[in-house]
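> Sequence:
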Amino acid sequence: MANVLQGGGGQAPTRQAVLGMKAIMMASQNLMCGHQDVTVAGGMESMSNVPYVMNRGATPYSGVKLEDLIVKDGLTDVYNKIHMGSCAENTAKKLNIARDEQDTYAVNSYTRIKGKPDVVVKEDEEYKPVDFSRVPRLKTGFQKQNGTVTAPSASTLGDGAAAVVLMTADATRGSMLNHWRE
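Residue numbers (the UniProt record's numbering): 1 to 182.
None of these hints come from the bench; they were simulated from the model.
Glycine included, each C-beta is placed from N, C-alpha and C at the ideal position.
Any given hint could turn out to be false.
The calculated label-pair distances, taken between Cβ atoms and stated as ranges, are [unchecked claim]:
| id | residue 1 | residue 2 | range |
| --- | --- | --- | --- |
| 1 | Ala-161 | Asn-30 | 19 to 29 Å |
| 2 | Asn-55 | Asp-170 | 18 to 28 Å |
| 3 | Tyr-61 | Lys-114 | 47 to 57 Å |
| 4 | Tyr-105 | Val-71 | 21 to 31 Å |
| 5 | Ser-62 | Lys-114 | 47 to 57 Å |
Each computed DSSO-like pair below joins lysine-lysine, with the alpha-carbon atoms no more than 27 Å apart [claimed, not checked]:
| id | residue 1 | residue 2 |
| --- | --- | --- |
| 6 | Lys-94 | Lys-81 |
| 7 | Lys-114 | Lys-144 |
| 8 | Lys-65 | Lys-93 |
| 9 | Lys-72 | Lys-139 |
| 10 | Lys-144 | Lys-81 |
| 11 | Lys-72 | Lys-144 |
| 12 | Lys-139 | Lys-93 |
| 13 | Lys-94 | Lys-65 |
| 14 | Lys-65 | Lys-114 |
| 15 | Lys-81 | Lys-93 |
| 16 | Lys-72 | Lys-114 |
| 17 | Lys-114 | Lys-81 |
| 18 | Lys-22 | Lys-81 |
| 19 | Lys-139 | Lys-65 |
| 20 | Lys-114 | Lys-94 |
| 21 | Lys-22 | Lys-72 |
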(Lines of atoms letter the chains of each structure in order from A and count residues from 1; the text may use other names and numbers.)
(Lines give C-alpha, C1' and ligand atoms only; values in the text may rest on other atoms or scores of the structure.)
Protein backbone atom coordinates (compact mmCIF):
# COMPACT_ATOMS: atom_id res chain seq x y z
CA MET A 1 0.00 0.00 0.00
CA ALA A 2 1.06 3.63 -0.25
CA ASN A 3 3.82 4.89 2.01
CA VAL A 4 5.38 1.42 2.00
CA LEU A 5 8.94 2.65 1.56
CA GLN A 6 11.16 3.35 4.50
CA GLY A 7 13.41 6.40 4.56
CA GLY A 8 16.43 6.15 2.31
CA GLY A 9 14.69 3.77 -0.09
CA GLY A 10 15.17 6.07 -3.05
CA GLN A 11 11.65 7.50 -2.99
CA ALA A 12 10.06 10.40 -1.16
CA PRO A 13 7.42 8.52 0.87
CA THR A 14 5.24 11.55 1.56
CA ARG A 15 4.40 12.62 -1.97
CA GLN A 16 0.80 13.69 -1.66
CA ALA A 17 -1.82 12.27 -4.01
CA VAL A 18 0.53 10.18 -6.16
CA LEU A 19 1.88 7.60 -3.76
CA GLY A 20 -0.90 5.09 -4.45
CA MET A 21 -0.06 5.26 -8.14
CA LYS A 22 3.62 4.76 -7.30
CA ALA A 23 2.73 1.71 -5.19
CA ILE A 24 0.82 0.26 -8.17
CA MET A 25 3.74 1.00 -10.49
CA MET A 26 6.16 -0.74 -8.13
CA ALA A 27 3.82 -3.73 -7.77
CA SER A 28 3.55 -4.08 -11.54
CA GLN A 29 7.33 -3.88 -11.85
CA ASN A 30 7.64 -6.68 -9.28
CA LEU A 31 5.32 -8.80 -11.42
CA MET A 32 7.25 -8.04 -14.60
CA CYS A 33 10.55 -8.90 -12.91
CA GLY A 34 9.17 -12.19 -11.61
CA HIS A 35 9.40 -11.29 -7.92
CA GLN A 36 5.71 -12.04 -7.33
CA ASP A 37 2.84 -13.66 -9.19
CA VAL A 38 0.05 -11.85 -7.33
CA THR A 39 0.23 -8.59 -5.42
CA VAL A 40 -2.06 -5.98 -3.90
CA ALA A 41 -1.23 -2.29 -4.21
CA GLY A 42 -2.98 0.98 -3.57
CA GLY A 43 -3.09 3.96 -1.32
CA MET A 44 -5.17 6.26 0.78
CA GLU A 45 -5.47 9.92 1.54
CA SER A 46 -7.24 11.57 4.41
CA MET A 47 -7.40 15.30 3.91
CA SER A 48 -9.83 15.66 6.82
CA ASN A 49 -7.05 14.52 9.17
CA VAL A 50 -4.25 16.75 7.90
CA PRO A 51 -2.93 18.66 10.92
CA TYR A 52 -2.13 22.28 11.54
CA VAL A 53 1.58 22.89 12.05
CA MET A 54 3.83 25.48 13.65
CA ASN A 55 7.50 26.29 13.40
CA ARG A 56 9.85 24.89 16.01
CA GLY A 57 11.75 27.14 18.34
CA ALA A 58 10.99 29.55 21.10
CA THR A 59 7.35 30.53 21.43
CA PRO A 60 7.01 34.25 20.75
CA TYR A 61 5.24 36.37 23.35
CA SER A 62 2.32 36.87 20.98
CA GLY A 63 1.87 33.11 20.56
CA VAL A 64 2.44 30.73 17.70
CA LYS A 65 1.17 30.90 14.17
CA LEU A 66 -0.57 27.72 13.07
CA GLU A 67 -0.53 26.89 9.39
CA ASP A 68 -2.98 24.61 7.60
CA LEU A 69 -0.85 21.81 6.20
CA ILE A 70 -3.43 21.09 3.48
CA VAL A 71 -2.71 24.50 1.99
CA LYS A 72 0.98 24.74 2.92
CA ASP A 73 2.06 21.27 1.82
CA GLY A 74 -0.74 19.85 -0.30
CA LEU A 75 -2.52 22.55 -2.26
CA THR A 76 0.36 24.94 -2.94
CA ASP A 77 2.54 24.50 -6.01
CA VAL A 78 6.01 23.97 -4.58
CA TYR A 79 7.73 25.68 -7.51
CA ASN A 80 5.61 28.79 -8.05
CA LYS A 81 4.13 29.13 -4.54
CA ILE A 82 0.59 29.50 -5.86
CA HIS A 83 -2.59 27.64 -4.90
CA MET A 84 -3.47 24.60 -7.00
CA GLY A 85 -6.73 26.32 -7.95
CA SER A 86 -4.64 29.05 -9.55
CA CYS A 87 -2.68 26.33 -11.35
CA ALA A 88 -6.00 25.05 -12.70
CA GLU A 89 -6.84 28.58 -13.90
CA ASN A 90 -3.44 28.85 -15.61
CA THR A 91 -3.92 25.46 -17.28
CA ALA A 92 -7.41 26.39 -18.46
CA LYS A 93 -6.05 29.60 -19.96
CA LYS A 94 -3.05 27.90 -21.59
CA LEU A 95 -5.16 25.11 -23.11
CA ASN A 96 -8.17 27.31 -23.93
CA ILE A 97 -10.56 25.36 -21.72
CA ALA A 98 -13.64 27.54 -21.38
CA ARG A 99 -15.71 27.98 -18.25
CA ASP A 100 -18.76 26.32 -19.84
CA GLU A 101 -16.65 23.26 -20.75
CA GLN A 102 -15.55 22.93 -17.13
CA ASP A 103 -19.10 23.43 -15.88
CA THR A 104 -20.39 20.75 -18.26
CA TYR A 105 -17.67 18.34 -17.15
CA ALA A 106 -18.47 19.01 -13.47
CA VAL A 107 -22.22 18.54 -13.98
CA ASN A 108 -21.58 15.29 -15.88
CA SER A 109 -19.33 14.05 -13.06
CA TYR A 110 -21.97 14.78 -10.43
CA THR A 111 -24.63 13.16 -12.60
CA ARG A 112 -22.55 9.97 -12.94
CA ILE A 113 -22.04 9.85 -9.16
CA LYS A 114 -25.78 10.14 -8.62
CA GLY A 115 -26.33 7.00 -10.69
CA LYS A 116 -23.70 4.95 -8.87
CA PRO A 117 -24.58 1.40 -7.77
CA ASP A 118 -25.27 0.54 -4.15
CA VAL A 119 -22.08 0.09 -2.14
CA VAL A 120 -21.15 -0.62 1.46
CA VAL A 121 -20.18 3.01 2.09
CA LYS A 122 -23.01 4.66 4.01
CA GLU A 123 -22.42 8.23 2.86
CA ASP A 124 -20.38 9.66 0.01
CA GLU A 125 -18.59 12.65 1.48
CA GLU A 126 -18.61 14.50 -1.82
CA TYR A 127 -21.88 13.89 -3.59
CA LYS A 128 -24.74 15.96 -2.32
CA PRO A 129 -27.80 16.98 -4.32
CA VAL A 130 -26.74 19.77 -6.68
CA ASP A 131 -28.87 22.40 -8.39
CA PHE A 132 -27.22 22.17 -11.81
CA SER A 133 -29.01 25.27 -13.07
CA ARG A 134 -26.93 27.36 -10.63
CA VAL A 135 -23.54 26.04 -11.79
CA PRO A 136 -23.06 28.52 -14.69
CA ARG A 137 -23.80 31.47 -12.35
CA LEU A 138 -21.41 30.53 -9.54
CA LYS A 139 -18.52 32.85 -8.77
CA THR A 140 -15.04 31.66 -9.61
CA GLY A 141 -12.92 30.69 -6.65
CA PHE A 142 -9.36 31.54 -7.55
CA GLN A 143 -9.29 34.26 -10.18
CA LYS A 144 -11.93 36.96 -9.88
CA GLN A 145 -11.60 38.47 -13.36
CA ASN A 146 -11.97 36.07 -16.28
CA GLY A 147 -11.70 33.10 -13.92
CA THR A 148 -13.06 29.72 -14.93
CA VAL A 149 -12.64 27.38 -11.94
CA THR A 150 -15.65 27.14 -9.60
CA ALA A 151 -16.48 24.96 -6.61
CA PRO A 152 -18.07 22.18 -8.70
CA SER A 153 -15.20 22.07 -11.21
CA ALA A 154 -12.38 22.27 -8.64
CA SER A 155 -10.84 19.38 -6.76
CA THR A 156 -12.51 18.66 -3.47
CA LEU A 157 -11.00 18.15 -0.06
CA GLY A 158 -11.77 14.53 0.54
CA ASP A 159 -10.73 11.23 2.02
CA GLY A 160 -10.39 8.17 -0.11
CA ALA A 161 -8.68 4.86 -0.61
CA ALA A 162 -8.33 2.25 -3.28
CA ALA A 163 -6.53 -1.02 -3.80
CA VAL A 164 -6.03 -3.23 -6.82
CA VAL A 165 -5.05 -6.87 -7.18
CA LEU A 166 -2.43 -7.35 -9.88
CA MET A 167 -1.32 -10.73 -11.18
CA THR A 168 0.58 -12.34 -13.97
CA ALA A 169 -1.19 -14.16 -16.80
CA ASP A 170 0.13 -17.45 -15.40
CA ALA A 171 -1.40 -16.69 -12.01
CA THR A 172 -4.81 -16.17 -13.60
CA ARG A 173 -4.65 -19.72 -14.94
CA GLY A 174 -3.69 -21.16 -11.57
CA SER A 175 -5.91 -23.11 -9.21
CA MET A 176 -6.27 -20.18 -6.83
CA LEU A 177 -8.79 -18.55 -9.18
CA ASN A 178 -10.78 -21.64 -10.07
CA HIS A 179 -13.42 -21.04 -7.39
CA TRP A 180 -14.06 -17.51 -8.76
CA ARG A 181 -14.73 -18.85 -12.24
CA GLU A 182 -17.72 -20.95 -11.13
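> Starting from the range 21 to 31 Å, see whether the pair Tyr-105 and Val-71 falls in it by beta-carbon distance.
Given a distance of about 25 Å, which is inside 21 to 31 Å, the answer is holds.
> Given the hint that Lys-114 pairs with Lys-81, test it: the Cα-Cα distance must not exceed 27 Å.
Violated - the C-alpha atoms of Lys-81 and Lys-114 are around 36 Å apart, more than 27 Å.
> Holds or violated: are the alpha carbons of Lys-22 and Lys-81 at most 27 Å from each other?
Holds, because 25 Å separates the two Cα atoms, which is no more than 27 Å.
> Do the alpha carbons of Lys-65 and Lys-114 lie within 27 Å of each other, as the hint requires?
41 Å, violated
> Check the following: the C-beta atoms of Asn-55 and Asp-170 are separated by a distance inside 18 to 28 Å.
Between Asn-55 and Asp-170, where Cβ atoms are some 54 Å apart, the hint is violated.
> Between Lys-72 and Lys-139, is the straight-line Cα distance small enough, at 27 Å or below?
Holds, at about 24 Å.
> Taking 27 Å as the top limit, are the C-alpha atoms of Lys-144 and Lys-81 close enough?
Satisfied, since the Cα-Cα distance of roughly 19 Å is no more than 27 Å.
> Between Lys-65 and Lys-93, does the CA-CA distance stay at or below 27 Å?
Outside the cut-off at roughly 35 Å; violated.
> Is 47 to 57 Å respected by the C-beta to C-beta distance linking Ser-62 and Lys-114?
Because 49 Å falls inside the window, the suggested range holds.
> Assess, step by step, whether the Cα of Lys-139 is no farther than 27 Å from the Cα of Lys-65, and give holds or violated.
30 Å, violated
> Taking the Cβ atom of Ala-161 and the Cβ atom of Asn-30, is their distance within the range 19 to 29 Å?
Given range 19 to 29 Å: holds, Cβ gap about 21 Å.
> Taking only the CA atoms, is the gap from Lys-72 to Lys-144 under or equal to 27 Å?
22 Å, holds
In this structure, the hints that do not hold are numbers 2, 7, 8, 13, 14, 16, 17, 19, 20, in rising order.
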